[in-house]
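Let the hints inform the model, and build the full structure from the sequences given.
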Amino acid sequence: MAVSKDLVAASATPLILSILAEGDSYGYAIIKRVRELSGGQMQWADGMLYPVLHRLEKQGLIESYPSTAQTGRERKYYRLKEGGTRALAEHKNQWLLVHNALQQLWEKKPCLT
Amino acid sequence: MSDVEKWIEQWRDDLANAEALNSPDIHELESHLREEIEHLKTAGLSDEEAFLLARRRLGDAPALEEEFTKVSPHRRFAHRLSWMVIGVLVYFLLRDLSTLATYGSTLVWHAVGLRSAHVTILGCVAHAATFIGIGSVSLHQASRWRSPVARPNAPTPIRLGLFVACALAATQMIEFLFGLVLVRTMRIEDYVQVAQVRTWASLGWSTLMLILVAGLLGVLVLRERLRPTREAT
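Chain order of the listed sequences is A and B. Okay, so the first sequence: first residue is 1 according to our numbering, each after it adds one. Okay, so the second sequence: first residue is 1 according to our numbering, each after it adds one.
Hints in this document: simulated from the structure, not taken from any laboratory. Please note that a few of the clues may not be correct.
[Unchecked claim] Heads up, simulated SDA-like pairs for lysine to any residue below, C-alpha to C-alpha not over 25 angstroms straight-line:
hint, chain 1, residue 1, chain 2, residue 2
1, A, 32, B, 71
2, A, 5, B, 41
3, B, 41, B, 27
4, A, 58, B, 20
5, A, 76, B, 40
6, A, 76, B, 31
7, B, 41, A, 42
8, B, 70, A, 60
9, A, 76, B, 30
[Said to hold, decoys possible] Some chain B residues judged to face chain A by a derived CB distance under 8 angstroms, without partners named:
hint, residue
10, 36
11, 64
12, 65
By construction, the Cβ of each residue, glycine as well, lies at the ideal position given by its N, Cα and C atoms.
Here is the structure:
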């Protein structure tokens with residue numbers, strides 16, 4: 001079951017912020033982590049990640065820095081900023097709220113009367 | 001150069017045409033593409049299969065440009081504006097160089113002892129020949145111009161604009177000095193003739209430029225209308 005495009009788009013920011021909360025990372029690794037977490041169900045066009053990263057950077061939630069991997073390849077790493085940590089906490093509250101609401105609805109026992 | 005490198009270079013060239021993407025954006029995407037190719041090759045895919053799949057996963061150039069435009073909507077405008085400014089500067093440079101050619105040729109024909117009517121005609125011919133000659137070379141070079149993203153040592157539009165602006169300033173200075181020399185060395189009736197040549201030539205080229213610009217705009221509008229929408233494709 002593939003996740004709908006709208007849901008993928010809506011969850012992009014909290015997913016990226018959460019992955020960066022685990023530690024600094026770069027585009028390719030972030031995509032791989034999303035695939036791994038969703039069991040390949042979240043279909044991101046890989047290139048679409050970068051505009052989101054750049055938007056978050058513009059908003060001051062994350063920042064980038066260049067780094068060279070052991071293979072010699074230059075990568076652009078991203079790390080969470082203080083504003084990003086706060087934004088992540090807000091996102092977390094909102095998603096948990098939605099999650100709890102849906103869970104209550106779906107776990108409700110059917111009314112027999 | 002291996003096949004993969006050629007394909008990546010071609011892919012980079014295609015992306016370089018997307019105005020919303022700058023050099024660091026494309027380098028970041030290229031790094032991603034290379035990592036994905038390596039990963040897919042490790043999984044047993046051939047070079048070609050790995051490249052095609054990695055490119056597909058990354059997304060095509062129009063889709064990427066659309067997404068990047070959302071983040072930096074001004075970039076496309078700034079890119080187009082910079083080329084418009086360069087175009088105007090190049091036009092003024094061409095016009096001034098043609099005027100220099102008119103002055104130079106007039107001096108030569110006077111020294112040779114040609115009649116006034118011949119001097120006027122030859123002055124106009126020198127003006128037109130310079131304009132067409134340098135204009136054609138400029139257009140030829142512009143058609144072969146590749147973005148700094150595709151060719152790292154290519155001048156950026158800003159550097160190119162600065163170069164043309166400096167060349168224009170230098171040409172205007174030479175033109176001014178040349179004018180002073182002509183005023184001091186020529187008889188007033190001969191100088192009036194030079195001024196006439198210049199006026200007619202400028203008037204002719206201004207009219208021609210208006211027609212060219214109007215034609216170009218017409219072609220662009222027509223292309224835009226004939227281009228199928230992305231949704232339809």
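Exercise for the section: Sort out which numbered hints this structure fails and list those numbers smallest first. Expected result: 2 and 12
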